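Using this note's numbering, the first residue of the sequence shown is number 2, and each one after it goes up by one.
By construction, these hints were calculated from the structure, which means they are not laboratory data. None of these values were measured; they are calculated from a predicted model. One or more hints might be untrue.
In the BS3-like style, the derived pairs of lysine-lysine whose C-alpha atoms are separated by at most 25 angstroms in a straight line are [unchecked claim]: (1) 122 with 221; (2) 241 with 187; (3) 122 with 144; (4) 218 with 177; (5) 141 with 218; (6) 122 with 177; (7) 208 with 177; (8) 122 with 196; (9) 144 with 196; (10) 221 with 177; (11) 241 with 196; (12) 177 with 241; (13) 208 with 218; (14) 122 with 187; (15) 241 with 218; (16) 208 with 122; (17) 144 with 241; (18) 208 with 196; (19) 208 with 221.
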Amino acid sequence: MDGRIDVSTLLFLVLAVVIFLKLRSVLGRRTGHEQTRYERYKAQQEAAQRNGKLPGQDKVVTLPRRERDEPLEPRPVAEPQVRADVEERMRGLAAGNAGIANGLVDIVRGDEAFDPDAFLKGARAAYELIVTAFAEGNRKTLKNLLSREVYEGFAGAISDRESRSEQINQSFVGIKSADIFEAELKNGIAQVTVKFVSELISATHDKAGEVIAGDAKRIKEVTDIWTFAREVASRDPNWKLIATQAAN
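Based on the provided sequences and hints, a complete structural model is requested.
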């Protein structure tokens with residue numbers, strides 16, 4: 002060496018020392034809290050084990066498991082007391098009408114899933130769909146909801162109307178009441194007859210647009226008695242309209 006100091010070399014040495022000291026201060030220095038944190042964690046684990054739960058388990062959703070002694074066979078759908086309660090409810094819904102009560106009891110014996118309230122809810126929806134579809138001439142909707150015989154009658158009436166170029170303008174206001182009128186189980190077929198009281202605004206117009214039936218400005222009360230049927234052993238849960246009649 003000639004005794005001269007290389008300024009660039011000196012700068013690199015100083016930088017290296019600074020980096021070393023910085024890394025040591027961050028990575029190599031103990032804070033005195035390492036043992037404290039470990040002891041705290043260990044104490045939490047021991048406390049959780051004493052309580053029968055590990056940390057974090059309170060956020061885990063445990064799926065239900067079958068007990069060792071629980072039988073694999075499915076339990077009966079309806080125990081005798083449950084069946085008796087259901088049959089008593091059917092009689093209560095009949096409001097003292099023995100014929101309806103016996104019919105509902107027979108149906109629920111053949112189909113334990115039968116629920117009169119759910120049935121009436123579906124019947125109300127079907128009634129509105131059918132009445133609206135008939136007015137609109139919607140054969141596709143009618144075909145899905147009616148038996149073959151009833152569909153042929155409805156479709157024939159629509160065809161007659163169309164042949165005369167007549168059109169029904171209708172607004173379905175609502176159903177005032179829907180009550181079970183008759184009920185029976187015959188040859189595996191459940192049949193429930195419902196008396197509907199509804200309100201409609203309906204007017205039939207001829208080819209020239211003149212009103213020939215009904216009133217486009219008046220709400221009319223209509224009473225229909227419809228019978229729905231379903232094969233209780235069928236996998237298809239849907240009921241179909243099999244008969245209509247005018248109220249007395």
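Each hint tested on the structure:
1. 122 with 221: holds, 23 angstroms
2. 241 with 187: holds, 16 angstroms
3. 122 with 144: holds, 20 angstroms
4. 218 with 177: holds, 19 angstroms
5. 141 with 218: violated, 29 angstroms
6. 122 with 177: Distance of about 13 angstroms is within 25 angstroms: holds.
7. 208 with 177: Status violated; Cα separation ~33 angstroms.
8. 122 with 196: holds, 13 angstroms
9. 144 with 196: holds, 22 angstroms
10. 221 with 177: Given pair residue 221, residue 177 holds - Cα atoms ~12 angstroms apart, limit 25 angstroms.
11. 241 with 196: holds, 15 angstroms
12. 177 with 241: holds, 22 angstroms
13. 208 with 218: holds, 20 angstroms
14. 122 with 187: Cα-Cα ~23 angstroms, so holds.
15. 241 with 218: With Cα atoms ~33 angstroms apart, residue 241 and residue 218 exceed 25 angstroms; violated.
16. 208 with 122: Violated: residue 208 and residue 122 sit about 38 angstroms apart, past 25 angstroms.
17. 144 with 241: holds, 10 angstroms
18. 208 with 196: Violated, at roughly 34 angstroms.
19. 208 with 221: Holds. Residue 208 to residue 221 sits at ~24 angstroms (cutoff 25 angstroms).
Hint violations for this structure: numbers 5, 7, 15, 16 and 18, all remaining hints satisfied.
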